[in-house]
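Student: Here is how the chains run, residue by residue.
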Amino acid sequence: MNGSKSTTMIVAAVTAAMILLPLLHSGGSVSAVVNFLAPFVTTVAVLAVIAIGLNVQWGYTGIFNFGVVAFFMVGAFVAAIVTKQPADSEFVQYVGGFGDRLAFLPVLDSQEWLPFVFGVLAAALAAALLALLLALAALRLREDYLAITTIGVAEVLRRVTIEEAWLVNGTRGLTGIPRPFAGWFDAGVYKFVFLLLALAVLAVVYLLVERGISSPWGRVLRALREDEDVVAASGKNVFAFKVEGFVLGAALMGVGGAFYAFQQGTVSPETFTHFFGTFIIWAMLVLGGSGNNAGAIVGTYVIWGFWSITLQLQGFDLPVFVVDRISFFRDFLIGALIVVVLLARPQGLVPERARVSRWLERRVRELQQQGAKREATPVESAPRTAE
Amino acid sequence: MTAAAMPLLDVAGLTAGYGGVDILRGVSIRVYPGEIVSIIGPNGAGKSTLMKAIFGLLPVRAGQVRLAGQEITNQPPERLVRRGMCYVPQTDNVFPSLTIRENLEIGGFARDGGRGERMGQVLRLFPALAERPGERAGRLSGGQRQLLAIARALMLDPQLLLLDEPSASLSPKMVEMVFEKVAEINAAGTAILMVEQNARHALTLSHRGYVLAAGENRLEGEARQLLDSDEVRRLYLGE
Amino acid sequence: MSTGTVSSTVNVAPAGLRRLGDAAGSVALFVAIGAFVAWSALTHPSQLVVGLVVGSVLALGALGLTLIYGVLKFAHFAHGDAMMLAAYLAFFVLSGNLVGTRGTDVRLPWSFADLPGATTPIWRFSFGYGLVLAVLVAGAVAALLLLLVDRWVYRPLRQRRAGVAIFAIVSLGVAIAMRSLILMIWGPTPRFYVAGIRPTVQILGGPRVVTDQLFIIAMAVVLAAAVYVLLYRTTAGRAMRAMADNPDLARVSGINTEAVVRTTWIVSGGLIAVAGSLLALQSQLKPELGFLLLLPVFAAAILGGIGSPHGALLGGLVVGVVQEVAVSVGILSPGYKFAIAFVILILVILVRPRGLFGA
Chain F
1 MNGSKSTTMI VAAVTAAMIL LPLLHSGGSV SAVVNFLAPF VTTVAVLAVI
51 AIGLNVQWGY TGIFNFGVVA FFMVGAFVAA IVTKQPADSE FVQYVGGFGD
101 RLAFLPVLDS QEWLPFVFGV LAAALAAALL ALLLALAALR LREDYLAITT
151 IGVAEVLRRV TIEEAWLVNG TRGLTGIPRP FAGWFDAGVY KFVFLLLALA
201 VLAVVYLLVE RGISSPWGRV LRALREDEDV VAASGKNVFA FKVEGFVLGA
251 ALMGVGGAFY AFQQGTVSPE TFTHFFGTFI IWAMLVLGGS GNNAGAIVGT
301 YVIWGFWSIT LQLQGFDLPV FVVDRISFFR DFLIGALIVV VLLARPQGLV
351 PERARVSRWL ERRVRELQQQ GAKREATPVE SAPRTAE
Chain G
1 MTAAAMPLLD VAGLTAGYGG VDILRGVSIR VYPGEIVSII GPNGAGKSTL
51 MKAIFGLLPV RAGQVRLAGQ EITNQPPERL VRRGMCYVPQ TDNVFPSLTI
101 RENLEIGGFA RDGGRGERMG QVLRLFPALA ERPGERAGRL SGGQRQLLAI
151 ARALMLDPQL LLLDEPSASL SPKMVEMVFE KVAEINAAGT AILMVEQNAR
201 HALTLSHRGY VLAAGENRLE GEARQLLDSD EVRRLYLGE
Chain Y
1 MSTGTVSSTV NVAPAGLRRL GDAAGSVALF VAIGAFVAWS ALTHPSQLVV
51 GLVVGSVLAL GALGLTLIYG VLKFAHFAHG DAMMLAAYLA FFVLSGNLVG
101 TRGTDVRLPW SFADLPGATT PIWRFSFGYG LVLAVLVAGA VAALLLLLVD
151 RWVYRPLRQR RAGVAIFAIV SLGVAIAMRS LILMIWGPTP RFYVAGIRPT
201 VQILGGPRVV TDQLFIIAMA VVLAAAVYVL LYRTTAGRAM RAMADNPDLA
251 RVSGINTEAV VRTTWIVSGG LIAVAGSLLA LQSQLKPELG FLLLLPVFAA
301 AILGGIGSPH GALLGGLVVG VVQEVAVSVG ILSPGYKFAI AFVILILVIL
351 VRPRGLFGA
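Protein chains in written order, with my numbering: chain F, 1 to 387; chain G, 1 to 239; chain Y, 1 to 359.
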C-alpha cells in the first residue's frame, strides 16, 4: 500500500466513523449527524490554524516549541477580554472588557464584527510579543533548552491565570464570550455561519503561509532548518530569521486561540492543559507530516476525528471498566502515535513536497566549489579542511 | 621488510565516501610487519577518509581490507582493536574530562588483564605523562595531548598502529618529539601506518610510502625513492 | 577562539571581555546561591530542611537526567513521568492496589504489605521494610522498562542518526504514554505510601522535622555516593564518562557503546525509581506530577551544567531550597512553586548557559 493511498484510506475511515457513529447513536437521524459534524469541523479548522502555526515553527524553521499551549491560551484569553463587555459583577473579575466601545464605526452594525477584528489582532499580537520575549532570551541557545523553556512559560502562564483572579477570573474562567456576527442570525443557522467563518480563516492562514513559505524569505527559513551553517555562511542573519519564524508561528497560534474562545464561548485555565494545548497539536503535526501545511490540516482532522470518535463511544453501552478508561487509553494512543509515526513513517501522512530549496542546494554547491578550489592548492601551507 | 612475508594490513581496491560521493576510488595499500608506512598527498586526497574506512568508521563500498590475512572489511572499531589494530584520530583524540591515567585505562578497556603492567610500560615510554597522571587531559598542551593520544592507543599493545596526522598543529619542537616516539614505538616491533601533511619528515622516518591524489593511488615505493622523485618534490615537498 | 595568532588579535579584547563576563557570571551565581542558603539557614531553618529534602529528590532526578544527556546526548523529556511511573510501581508492589471500576480499588490477594512485619515502622519512620523492598523491585522494573524503550524506540533513532529534536519529541510521546498508563492502571486520585500522621523528631536542638525527611536526605546522600563510586572508581563508569566526552573515540578505544548505553539506562532507571518513590514519600503520588517535575529537574541539571554529575546534585539542592523557602516565607504563593524553577532556569540561561560546572 503506497503512502497517498493509505492516507486517503485513513481520512475516509475517520470520515465514515464521524458519520456512522452519530447516525447509529441517534437511531438514523440525519440532523443529529449534521449537528455533530458542524462543530466538529469548526474545531478542526480552529485547531488546524494552531497546527499550521506549529508547522511554521517546527516544520519550516526547525524550532521545537513544547509550550504551544502558552500561545494558544494567551490568544484565547486576550480575544475574550478584548471583545467582552466590562466586568459588572463582584463575582466576575477580569481586565479589559472593551466590547462595544470598540464598535466605533457607525456602519454595518459594527459591534457585530469590529470588536472581533481587534480581538483577533490583539490575540495575535500578544502571542507574538510573548514569543519575541522568549526568543530573545532562549532562541540563541541549544534547541533543547528552548523546549524546556517553552514548557516553563506555559506552566507559569497557566499558574498566573489560576492565581491572579483579577486577571481573567481565576479558575472560574470567562464565560459568555461574544461571537462575531451572532446578532445577525438565528442560533440554529449561526453554527453554520461560524463554521464557514472558521473555514475562511483557515483558508486565509493556509494561503498566506504557503505564499510566505515559497517566497525568498520562506526559502531561507527552510534552508535554516536543513543546515544553519550554510545559511550563516551565505551571510544571512540566522538568528533574525529564526526569531521571525518563531514569532509568526506564535501569532498564528494566538489567532487559533481567539477563534477557539469565540467558538467555545467559555475559556478557563482548566481548558488549557499541556495535554490538550500542546501534546495533541504536536501529534496532529507529526501525524500529518511536518513541513507541510496540508499535512497539518489532515493530521488535525484525523486526530480530532479519533478524539471525537472515542467521545462518541462513551455514549454507547460499553462495560464500565472500558468507559472509565477510554479517555486515558485515548491519551496513551496519542503518545504512542507520536512515537510510532516518528519511527515508522517520519514524513507523516502527507510528506513534505519535494521542493527542497534550490537556493540551499545552490549555496551548498557554491561553498563546495570554493572548498574544492582551496583543496586543489597543493603543498603544506594549504589551509586544513576536514576530509 | 621482506616482500615475501604476508602483509599485516592489506587494503585492496577500497572505495568509500560520504553521501553520494566516493572520496576514495579503488585505493590499495599494504603494510608489512615491522614497517613504518606513510601516506602523503594534497589536502582533500582522501588520506583521513582512508584511515576511517580501514578502521570501520566509514562504510567500505567496494574492495577489501585484511588484517594478518583475515578479512576485516567493515568490522566495527570495537572489534578491530581486539584484533591488534589501534587508531589515533587527528583531532579530539583524548578524553578531555578524564585524567591521564583514566585515558590510558580506557585505552586498555579491551584488555582482559595486565592493564596495570601495560600502563607502566607505556608510561616509561612517555615520561612526560608519568609526571602527573592525575591531570585532566583537557588541561594538557597540544603536544602532550598528542603523546597521550598515542599512549592511549598503545595500551592494547597493537601489532599495527594507525596515526592520522600526528604532527598536525604542533610546534616544531613537539613535531620532533612525536616523530621520535613513532620511531621508538616502531623499534619495539609495532608496524605503523601514518597519514602526514609533513611529507618530508614522514618519509624520512618511513620505510615505504604511498602518494594519494584525488582519492586514487598516485605513486608508491621505498620512502627514499619517493623523497628523490621529481614529481613528489615538485608537488608535495614544495620544491 | 584562539587568541595567540596574529589574525585573531582583533578578537582578543571581546573574547577576553567575554571570558571576564563569564567568570563574573559564575562568581555572582555562586555568591547569590550561598547568600540565599545562609540567609534561609539563619531565618527559616525548618523551611531550609524541607528545601533540602525536596532538593535531594530533585538532585537524584537531575543526576539521572544529566547521565542520560551525557551518554546519549539527548534531553529525556520522559524523565519526570518515568519517575512517577516508578513511584506508582513501588506503590503497587507494596499495596497491591489497582483502580477497579468507578473509582473503587481492587486489591491483589498478596503484596509486600502482607510480608510479616513489612509495614511495622522502622525506627521512627512512618514505613516498614516492605516499602524499601518495593522500591528496589520498582527500580528493577523501571530499569527494565527503560531498557525496552531504548531497544524499541531510541536505538532505531540512534542508528538512523536522528537529530536531538526528534529524540526530544519522541521522548515526549513516551512521557504521554507513561502518564496515561498510570491513569489507566491506578486512576487519577492521589495515592499515599503510608496514611496518617508522620512522626517528627527534633534535630540537634534545632527545628523539628518529619523523620521520613531525614531518610530521604540520607538516601540521596547514599545514592549520590554510589553513583560517584560507579563513575569514578569502576571501569563501567569510566566508560560512561569516556563516552560522554567523545563517543567516537570511545568506540575507537574498544568500548562497546551500546553496552554503555544499557548501563546508563539501568543506572538512571534506579535513580528514577528512588527519586520518584522518595518524592511520593515526601508528598504524594499524582499522575500529573510527572510532567510538572520536568521543570525543576531540568532547571537543576542546567544550573549544574548539563552532563555534570556533581553539578546536577548541587543544582537539585539549590532549586529545592530556593523553591521551598521562597514559597513558605511568602515571597510567592504556593501556586507558583514551579514558577521558581522556571525563573532559575531563565536566569541560568541568560547569565551562564553552561551552568555552574558545564564544559
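Hints listed in this document are in silico derivations from the structure and should not be mistaken for laboratory results.
One or more hints might be untrue.
Unchecked claim - Reference excerpt, derived from the structure (chain Y facing chain F, CB under 8 Å, subset only):
(1) 29
(2) 30
(3) 32
(4) 33
(5) 38
(6) 176
As the list claims (entries may be wrong) - Once the Cα atoms are required to be at most 20 Å apart in a straight line, the calculated SDA-like pairs of lysine to any residue come out as:
(7) Y:73 - Y:168
(8) Y:337 - F:163
(9) Y:73 - F:141
Backbone N, C-alpha and C define an ideal beta-carbon position, used for all residues, glycine too.
Student: Each hint: holds or not?
Tutor: Hints, one by one, checked against the model:
Interface hint status for residue 29 of chain Y: violated, as the beta-carbon distance to the closest one in chain F is roughly 17 Å, over 8 Å. The interface hint given for residue 30 of chain Y is violated, since its Cβ lies 21 Å from the closest Cβ of chain F, which is over the 8 Å cut-off. The beta carbon of residue 32 of chain Y comes no nearer than 19 Å to any beta carbon in chain F, farther than 8 Å, and the hint placing it at the interface is violated. At about 20 Å, the closest approach between the beta carbon of residue 33 of chain Y and any beta carbon in chain F exceeds 8 Å, and the interface hint on this residue is violated.
Given the 8 Å rule on beta carbons, the hint for residue 38 of chain Y is violated: about 27 Å separates it from the nearest Cβ of chain F. At a threshold of 8 Å, the smallest CB-CB gap from residue 176 of chain Y to chain F is about 3 Å, leaving the interface hint in force. For the suggested pair residue 73 of chain Y and residue 168 of chain Y, the alpha carbons sit about 10 Å apart, so the restraint of at most 20 Å is met. Only pairs whose Cα atoms come within 20 Å are accepted, and residue 337 of chain Y paired with residue 163 of chain F is accepted, the gap being roughly 12 Å.
Our distance criterion of 20 Å between C-alpha atoms is met by residue 73 of chain Y and residue 141 of chain F, whose separation comes to about 16 Å.
Of the numbered hints stated above, those contradicted by the structure are hints 1, 2, 3, 4, 5, listed in ascending order.
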